[in-house]
Amino acid sequence: MAEAEKLSEKKKSSDRQWIKNWPESERPREKHCLLGPEALSDGELLAVLLRIGKTGQSAEDLGRQILTKFDDISGIDRAHFEELRAVSGMGHAKAAQLKAAIEIGKRVRMQNVRPQHFDHASKWRTFIRKTFTC
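In the numbering used here, the protein residues as written are 1 to 134.
Hints were generated in silico from the structure; no laboratory data involved. Model, not experiment: these values are computed from the prediction. Ideal Cβ placement from N, Cα and C applies to all residues, glycine included. Heads up, some of the hints might be wrong.
[What the hints assert, rightly or not] Think about it this way: if two alpha-carbon atoms lie no more than 25 angstroms apart in a straight line, the pair counts; the simulated SDA-like pairs of lysine to any residue are: (1) Lys54 with Ala93; (2) Lys106 with His117; (3) Lys54 with Ile73; (4) Lys54 with Asp72; (5) Lys99 with Glu44; (6) Lys130 with Asp119; (7) Lys69 with Gly53; (8) Lys31 with Thr55; (9) Lys99 with His117; (10) Lys99 with Gly36; (11) Lys31 with Leu67; (12) Lys54 with Ser74; (13) Lys20 with Leu34; (14) Lys99 with Trp124; (15) Lys106 with Gly91; (16) Lys106 with Thr55; (17) Lys20 with His117; (18) Lys99 with Arg27; (19) Lys123 with Gln97; (20) Lys20 with Ser74; (21) Lys130 with Asp71; (22) Lys99 with Gly53; (23) Lys106 with Lys54; (24) Lys69 with Asp119; (25) Lys20 with Pro37.
[Said to hold, decoys possible] Distance ranges between label pairs, derived from CB positions: (26) Ser122 with Ser25: 16 to 26 angstroms; (27) Ser25 with Lys123: 39 to 49 angstroms; (28) Gly36 with Arg125: 14 to 24 angstroms; (29) Arg129 with Glu24: 34 to 44 angstroms; (30) Ser88 with Arg129: 35 to 45 angstroms; (31) Ile52 with Val108: 45 to 55 angstroms; (32) Arg51 with Glu83: 15 to 25 angstroms; (33) Phe118 with Asn21: 12 to 22 angstroms; (34) Lys123 with Glu26: 27 to 37 angstroms; (35) Arg125 with Cys33: 39 to 49 angstroms; (36) Lys123 with Gln57: 26 to 36 angstroms.
Take these sequences, add in the hints, and give me the full structure.
Shown next as structure tokens:
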């Protein structure tokens, strides 16, 4: 392969790393705006929060890497701050953003818990399961 072709191929693969070079319909932020957050995968949601990846890796790739390491969003919640920071591409700011976003979700969930009347033990068990199950 000629040197010019090698450089061209390298440029194409390099361009793919930048979400801004993706078709708009595939970009997590734009997809969120068009279709709502429900339409995004966990990796895409993390990409929206992370904003940027690292050299050679898009924000979505980094989000998927984090999900692979911690299994799911609940795993990210259970992870210690330093465990998140140990992921290549994660610094203080990105780890703090993820932890803060998860905490906001928890607080919203708790604020939506309304006082209820429990006239039977099964209602109490159902309430406890819904409230404390991740």
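Comparing the hints with the structure gives:
no., hint, verdict
1, Lys54 with Ala93, "13 angstroms, holds"
2, Lys106 with His117, "23 angstroms, holds"
3, Lys54 with Ile73, "21 angstroms, holds"
4, Lys54 with Asp72, "21 angstroms, holds"
5, Lys99 with Glu44, "16 angstroms, holds"
6, Lys130 with Asp119, "17 angstroms, holds"
7, Lys69 with Gly53, "16 angstroms, holds"
8, Lys31 with Thr55, "23 angstroms, holds"
9, Lys99 with His117, "33 angstroms, violated"
10, Lys99 with Gly36, "22 angstroms, holds"
11, Lys31 with Leu67, "20 angstroms, holds"
12, Lys54 with Ser74, "24 angstroms, holds"
13, Lys20 with Leu34, "16 angstroms, holds"
14, Lys99 with Trp124, "30 angstroms, violated"
15, Lys106 with Gly91, "23 angstroms, holds"
16, Lys106 with Thr55, "32 angstroms, violated"
17, Lys20 with His117, "51 angstroms, violated"
18, Lys99 with Arg27, "23 angstroms, holds"
19, Lys123 with Gln97, "36 angstroms, violated"
20, Lys20 with Ser74, "29 angstroms, violated"
21, Lys130 with Asp71, "21 angstroms, holds"
22, Lys99 with Gly53, "17 angstroms, holds"
23, Lys106 with Lys54, "28 angstroms, violated"
24, Lys69 with Asp119, "43 angstroms, violated"
25, Lys20 with Pro37, "19 angstroms, holds"
26, Ser122 with Ser25: 16 to 26 angstroms, "46 angstroms, violated"
27, Ser25 with Lys123: 39 to 49 angstroms, "45 angstroms, holds"
28, Gly36 with Arg125: 14 to 24 angstroms, "33 angstroms, violated"
29, Arg129 with Glu24: 34 to 44 angstroms, "41 angstroms, holds"
30, Ser88 with Arg129: 35 to 45 angstroms, "37 angstroms, holds"
31, Ile52 with Val108: 45 to 55 angstroms, "26 angstroms, violated"
32, Arg51 with Glu83: 15 to 25 angstroms, "21 angstroms, holds"
33, Phe118 with Asn21: 12 to 22 angstroms, "55 angstroms, violated"
34, Lys123 with Glu26: 27 to 37 angstroms, "45 angstroms, violated"
35, Arg125 with Cys33: 39 to 49 angstroms, "40 angstroms, holds"
36, Lys123 with Gln57: 26 to 36 angstroms, "48 angstroms, violated"
Going through the hint list in order, the structure does not satisfy hints 9, 14, 16, 17, 19, 20, 23, 24, 26, 28, 31, 33, 34, 36.
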